[in-house]
Structures are given as C-alpha cells and as structure tokens.
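K.L.:
Between the sequences and the hints, there should be enough to build the whole structure, so can you do that?
Chains R and S, in that order, give the protein sequences.
Throughout the first sequence, residue numbering follows my numbering, covering 1 to 416 in sequence.
Throughout the second sequence, residue numbering follows my numbering, covering 1 to 294 in sequence.
Worth flagging that the hints you see were computed from the coordinates, not collected in a lab.
Treat the hints with caution; some may be incorrect.
[What the hints assert, rightly or not] Which chain R residues stay away from chain S? Per the calculated CB distances, all over 12 Å, these:
1) P32
2) Y58
3) K64
4) T65
5) D97
6) G103
7) F245
8) I260
9) D303
10) V305
11) H313
12) S314
13) F397
[What the hints assert, rightly or not] Below, in silico cross-link-like pairs of lysine to aspartate or glutamate (DMTMM-like), each with a Cα-Cα straight-line distance of 25 Å or less:
14) K106/S to D136/S
15) K106/S to E170/R
16) K105/S to D303/R
17) K106/S to D74/R
18) K13/R to E176/S
19) K196/S to D303/R
20) K78/S to D241/R
21) K78/S to D303/R
22) K2/R to E176/S
23) K45/S to D240/R
24) K6/R to E176/S
25) K111/S to D97/R
26) K78/S to D56/S
27) K2/R to D56/S
28) K104/S to D303/R
[Unchecked claim] If you only want the chain S side, here are some residues facing chain R, beta carbon under 7 Å, derived:
29) L83
30) R107
31) Y109
32) F117
33) S123
34) F124
35) M140
Cβ coordinates follow ideal geometry from the N, Cα and C atoms, glycine included.
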Amino acid sequence: MKNTLKQVFHSPKFLVGFCIFTSILLMMIIYPLVNPGNPLEMIGLGTFAEPGTYVSLYDSVGTKTSTLKLDGADVKRIDQVLSGEDRVNMLNWFTADSIDISGLDITDTDTLLAMWKANFDPSIRLQGMTKAMRNYYIRLNDNINAAASADILTVSEIDASTGETVEKAEINKTDYVNVGDVANVKTLPLGTDNFGRDTLKELVSACGTSIRIGLIAGTVATFIGLLLGLLGGYLGGFVDDIVMFFTNIFTVIPSFVLLILISYSISQDQRGANTIAIVIGFTSWVWTARSVRSQVISLRNRDHVNLSRLSGHSLMRIILTDILPYIASYVVMAFILQISSGILAEAQLSLLGLGPKTTDVPTLGLMMNWAMLYSAHLNGSWWAYFPVILTIAFISFSLNLMNTGLDQVFNPTLRD
Amino acid sequence: MKTNESCVISPENQSVQIRHLEDIQSRPSCLRGKGVTKIFGTGGKQTVAVDHVDFDFHEGELVSIVGESGSGKTTLSKMLLGLLNVTEGEIFYQGKLRDISTAKKKREYWKGIQAIFQDPFSSFNVFNKIDTVLLDCINMCGGRHFSKEKKIELMTEACCFVNLKYAELTNKYPFELSGGQMQRLMIARVFLLKPKILLADEPTSMIDACSRATILDMLLHLRDETGMTILFITHDIGLSYYISDDVYIMEHGKFVEHGTADEVILAPKADYTKRLISDVPKIYEPWDLSTVKY
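P.N.:
Given below as structure tokens:
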C-alpha cells in the first residue's frame, strides 16, 4: 500500500494534476477566510463593474492631499475622456461639416483638440444627423471642456437647515490623495457580475459547490455502477441478464437528454445543488457498471476466486475480499472521471437554466448562465464568464491528469 | 526421493512402481459419473466441452485424466468440484447422488473435495497474507474456536509437512514466495483440510522440474498418509504413467480410453493415446515427429 502510494506520487502526470487540484481546494479554503461574507451579497448596484481597485469618491474629498506635479497629467486626463470611438466620431463630425481633414491623425490628441475647438459649434445643425447624435456631440464637447479647463473644482454641500449651498472643499488639478488614507477602498480582482456581486468571491464559492456536486454525483454513479457491475458480473445468469437489460436501456437513451428531462420535471424550489448532484449520479453510472462487470467476469474464473469458493466463503466475502481489491484501482480511476464529468454535467445543465435554484448557492454552471442571460459575452465583460470557464477547465484537466497518472501506475503496459 | 527415483523407471523395470490394482478395484466408489455433459452457450453457438462421460473413481486411488489442451479436462474438473453446473448427467459422491443445490450443502461437499490449481501465482489472493489462507482452512474444518496457540501449532505442522518454515512465512504475502513454495503451500492447505478427494489440475505444469518432483512426492506422500483419492489432471502422459493407478484419456470432451496405467500406456488401443505417447520426447531415442498433426 505504502509502495503503491509512493509509485503514484512519483508519476509526474498525477503529481501535476494533484498540485492543480490541491491549489484549487486550498484557494477554496483560504479565500473565504481572507474575504468572509455571503458570496451572493450584492455589493454594487450597477452591472458588470470592471476588475480593479475602487476608491470611495466621497471619502477622498476630505482626505489629506499632497501636491504633485506630474508630466502629461493633462494629456492623460483628456485621454481618459476621449475614447477611440469618440475620436472617430469627432472625425465624422468634421467630415459632415465638410472640413478638410487631410493629414489629421486622430491619435494626436493636441491637434485633434485644437481643430475641435476651432470648428465645433453646438448651434450648427448638420444635415442627416439625429437628435441623439447631436446631443452626444454636445456632451462630448462639455466633457472635453471640463477636462481641459477649470484648474480648481469646488465641492459644495447643501446645508440642511438653511438650504444654502456651502462650499466644502476645493480640489486642484495637482491634488493627490494616498489610496491608503482613503477610508473606503475595495479591490475587486474580477470585478462584479450582472447583479453587482463580487465575482471572485462568487467564483470561489461556486467552485466549492461544483466540486461537491461532482463528488456526490461521482459517489452515486460509482456506487450504483459498482453494485450492478459486481452483482451482474459475479452472479451471471439471470441477474446478469436483468442488469444488462437496464444498462443497455440507459446506454441507448442519451444520458444528457434524460438528465434534462429529470431536471425539468423537478420544480425550481426543489432543485437544490444536492438534488441535481444525485440526478446527475443516477444518469451516469452506465459506463462504470459495464466496465466493472467485464472486469469481474474476467476475475470470476480466476483460481484465487475458485479457491475462495472452495474454502466455503460467502458471496459477500468473496466479492469484498477477492474481487473488489483487484478492481479497486480501476474503480478509483472511474470515480475520478465521474467527478470530472459530474462537474461538467452540472455546468451544461445550469447553462440551460435547469441547474440548481438560483437563490441558494452559486455554482460554476449558474455563473455561466447568469453571464449568458445578461449578455456578458456581448458587452465584453469577460470577467463574468472567462474565469469560470478557466476554472472548469482546470478542475477537469487536473482530475483527468490524475486519472491518467493512476492509469500508468496501475496498468504496467502503459508505462514508458 | 521417491519421485526422483521413479523418473528413471523404464517399462522393463517396474519393480519400483507399486500398484495394488486388485485391491483398489475392490474399494468402494468415491466419485462416479454417468453421462456427464457440459454444453457452453445456447442456440446456434453451442460448444460441447464435455460429452457424456462415464467414470468411476475409487477410494484411495490415484487417477490421471490425460488429454491435450482444450480437450475438456479442466471443465470436467470444475464440474466435479461443483464450480460449474452440469448440463446433463449425474454425479454420485460416495455412492449417493450429489446434492449441491444450496450454499450450505456446497460447503459440506467442499469439505470432502478440494483442489490444487495449475498456476500457483494466480491461486492466491495477493491482498491476503499467507496466514489467512491457512487459517481459513482451520476455520473450515471446525477449528474456529481453537486457541491461537493451537492454530499456530496446526499451521506449523502443515508447513512442516511441505518442508516450509511457518516462522518464515508468517506475515508474508504470496507474491514474496516462489512458484514452488506457493504450490507447496497449496498442499499444506490440503493437508489441513484432509479432504476425501483431491483434484490436482496440472499442479506441476507451471513449475520447474526439480520442484515438480518435490510436489509430486508430497502428493503421493499425502495420499499414503490420509488415504485420499487423487484426481491428477495433466497433459503429460509420461508423468501420469509413473504416478497413477488408473488413467483416463480424454479427447474432444470424451473419454477415448481408460484402464490401468500399464494397460493404457504400455498397450494403447486408441489412436489418440498412441499419438499422445509418441509425442513425448525421449531422452535415449530420436524423437519421432511423424505423428504430429497440425
């Protein structure tokens, strides 16, 4: 046993898979300690806040400032206001106003702005331009003016008793606050999702739920498959015929269709993560049963089994001591694959909206479902779905690597 | 060693071989079969492995069943052991029709009939220690309540009988032993169980010649000591001549010839027997391969 474990951990494939899986598990344990709280808590109002560090604007007004004169601060400020799209639209305005734009480079902010200031007039009504487009240009112009002019920004407050506006602070362009001094700063490494929830926190929690679903589904599938395979294979005859009858029926019906139908027939509020896991387990035992059966049939006529029978051992004892240990390595490998396919099945099912109910716990599949429903892939919010896909890929990759590693250890013909 | 001596016996010098044929024939029947048949498969794809064979094995007899691979020897032995169901025919055990319909009756039957298999390496459960194998035998013979010392004493005695040292074997796994040692351990197992019939299914075909002599010697010794019937299943007709009282020759699931070892091997009647005999390589004569069929 000790020797086998040593061999298993000397297999590079198993080791890599094991390391990836362990780091995912460690992340699941450690991250909630660092960042506690309900993963489904909506911390933001808007949808899909980008990944980054968020500084409270309100708090930064009163915070101690330092004066810094940095090169190109103005250019950066305008760059922040002028997106690539805005620049192209400005160019469109010049063309519509029949202004010569030959030799104009839209990445050259200074020339572009100079030309804009010289030519833009909000009162001009260009032919064929919609009202919305005109308003957009006016807004753009205001933004540019705001960014370029006014050295001092005044923050004022309305006095509750008198109703007068009282000046509270003046902000210079050269004023900077230290992020460490601001009372409220929040880093969202993966931004927020469509409901304004911290995506990373949700992902870590979803990862745990999905692995749990995989484990339960894998255990159920392996248990059913093992039981049927052992009984059918060892007893043979009539029992085997019945087992094979059911196994064949389940093989012929695509298990995913069955999974969809079963999930669909369970009402939304009954559909917890564990229910889904059990349903997945009930539809994926077929291959385990078939392969265990064939292994048991080849073991059944081995001399040591015959000898055990001749020693008067009971059926239970023969199965447990003379057959199960011989197929144990195989069953462990099948179990690992079942976990991986359980996680994938949940993801597929949830993507179709047939996964666990959405108010309870996040799962990897549900996160993808939400991202898809709120068009994260269309508006470029990659952080809502890409890390989820990556996590699913890493989990199944690590499990499959472990499986291959084990296969190489237990199946000497595959050794290099 | 007795068997080593028997290795040099030639048909002219039979004084070493002691056969009490009349004595054996007069003993009561131990295992008798009538029209025993085994058919594998159903419908169009039927294979007749054993085809209506009749046999009668007497108490204390050493019977060889000889045939080439695929002739149905092992199938017959499994039916005799009750590991395979008989398709047709009847088997009488100690004069009465054999009844192994329930697990309890089977267990009772197996107290009287035991086996040694061909491949010692696959005969043991590699996950169990050697002690387990021997302890199972003691438990089976009603020694479940024996004290630990008594059990160890019995196991030591059994190991002694097969020239193994219990102290060296205890807490070891089967794969730590050589093929010859494993096969001797199988004999130790039989020694503990002391069945009435021992079915040895090619027990020496997987081990080297030297260990083979030892194993055969032990089997003969065991028979002398306990008076058990030994059914020796082999493809080696030369070997069967030296050790057995009665010989059955099996071809394609049928017994083509049977009689005492002298009758069958020194004066074979069936063509198949003649061929089997001529196929045995001879040390002092050129080997006649003219009868070899492909």
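K.L.:
Now look at each hint and say whether the structure bears it out.
P.N.:
Each hint tested on the structure:
1. Listed as outside the interface, P32/R is consistent with that label: its C-beta sits roughly 41 Å from the nearest C-beta of chain S, beyond the 12 Å cut-off.
2. Every Cβ of chain S is farther than 12 Å from the Cβ of Y58/R; the closest lies at roughly 69 Å, confirming the non-interface assignment.
3. Under the 12 Å C-beta cut-off, the non-interface status given to K64/R relative to chain S holds; the minimum distance is some 73 Å.
4. With a least beta-carbon separation of about 75 Å from chain S, T65/R lies farther than 12 Å from that chain, consistent with its non-interface assignment.
5. The claim that D97/R is not at the interface with chain S holds, since no C-beta of that chain comes within 12 Å of its own (minimum 89 Å).
6. Listed as a non-interface residue, G103/R keeps its Cβ farther than 12 Å from every Cβ of chain S; the least gap is roughly 85 Å.
7. For F245/R, the shortest C-beta to C-beta distance to chain S comes to about 17 Å, beyond the 12 Å cut-off, and the non-interface label holds.
8. Every beta carbon of chain S lies more than 12 Å from that of I260/R, the smallest distance being close to 39 Å; the non-interface claim holds.
9. Annotated as non-interface, D303/R brings its C-beta within 12 Å of a C-beta of chain S; the closest such distance is 4 Å.
10. At roughly 8 Å, the least C-beta separation between V305/R and chain S is not larger than 12 Å, which violates its mark as non-interface.
11. In this structure H313/R is not separated from chain S by more than 12 Å, as the shortest Cβ-Cβ distance comes to only about 7 Å.
12. Against chain S, the non-interface label of S314/R is violated: not every CB pair exceeds 12 Å, the least being about 7 Å.
13. The claim that F397/R is not at the interface with chain S holds, since no C-beta of that chain comes within 12 Å of its own (minimum 33 Å).
14. Between K106/S and D136/S the alpha-carbon distance is near 16 Å, which keeps this suggested pair within the 25 Å criterion.
15. Among the hinted pairs, K106/S with E170/R is inconsistent with the structure: their alpha-carbon atoms are about 100 Å apart, more than 25 Å.
16. Restraint check for K105/S and D303/R: satisfied, since their Cα atoms lie roughly 22 Å apart, inside the 25 Å limit.
17. A distance of roughly 97 Å separates the Cα atoms of K106/S and D74/R; the hinted pair therefore is violated under the 25 Å criterion.
18. For the hint pairing K13/R with E176/S, the CA-to-CA distance comes to about 30 Å; that exceeds 25 Å, so the pair is violated.
19. This hinted pair checks out: K196/S and D303/R have alpha carbons roughly 21 Å apart, not beyond 25 Å.
20. Restraint check for K78/S and D241/R: the C-alpha separation of about 23 Å stays at or below 25 Å, so the hint holds.
21. Note on K78/S and D303/R: the hinted pairing holds, with a Cα-Cα distance of about 11 Å set against a maximum of 25 Å.
22. With a CA separation close to 16 Å, the supplied pair K2/R and E176/S stays within the 25 Å bound.
23. Between the alpha carbons of K45/S and D240/R the distance comes to roughly 19 Å, so the proposed pair stays at or under 25 Å and holds.
24. For the proposed pair K6/R and E176/S, the alpha carbon gap of about 19 Å is at most 25 Å, so the pair holds.
25. For the given pair, K111/S sits about 110 Å from D97/R by alpha-carbon distance, which is inconsistent with the 25 Å threshold.
26. Between K78/S and D56/S, the direct Cα distance comes to roughly 17 Å. Compliance with the 25 Å bound is thereby established for this hinted pair.
27. Under the criterion of a C-alpha separation no larger than 25 Å, the hint pairing K2/R with D56/S is inconsistent with the structure, at around 52 Å.
28. Pair hint K104/S plus D303/R holds up; C-alpha atoms about 21 Å apart against a cutoff of 25 Å.
29. At a threshold of 7 Å, the smallest CB-CB gap from L83/S to chain R is about 6 Å, leaving the interface hint in force.
30. For R107/S, the interface hint holds, the least distance from its beta-carbon to any beta-carbon of chain R being 4 Å, beneath 7 Å.
31. Here the hint on Y109/S is broken, as its CB sits about 10 Å from the closest CB of chain R, past 7 Å.
32. Hint status for F117/S: holds, given a least beta-carbon distance of 4 Å to chain R, under 7 Å.
33. The beta carbon of S123/S comes within 4 Å of a beta carbon in chain R, closer than 7 Å, and the hint placing it at the interface holds.
34. The beta carbon of F124/S is positioned within 7 Å of a beta carbon in chain R (closest approach about 6 Å), and the interface hint is therefore held.
35. The restraint placing M140/S at the interface with chain R holds, with a minimum CB-CB distance near 5 Å, inside the 7 Å limit.
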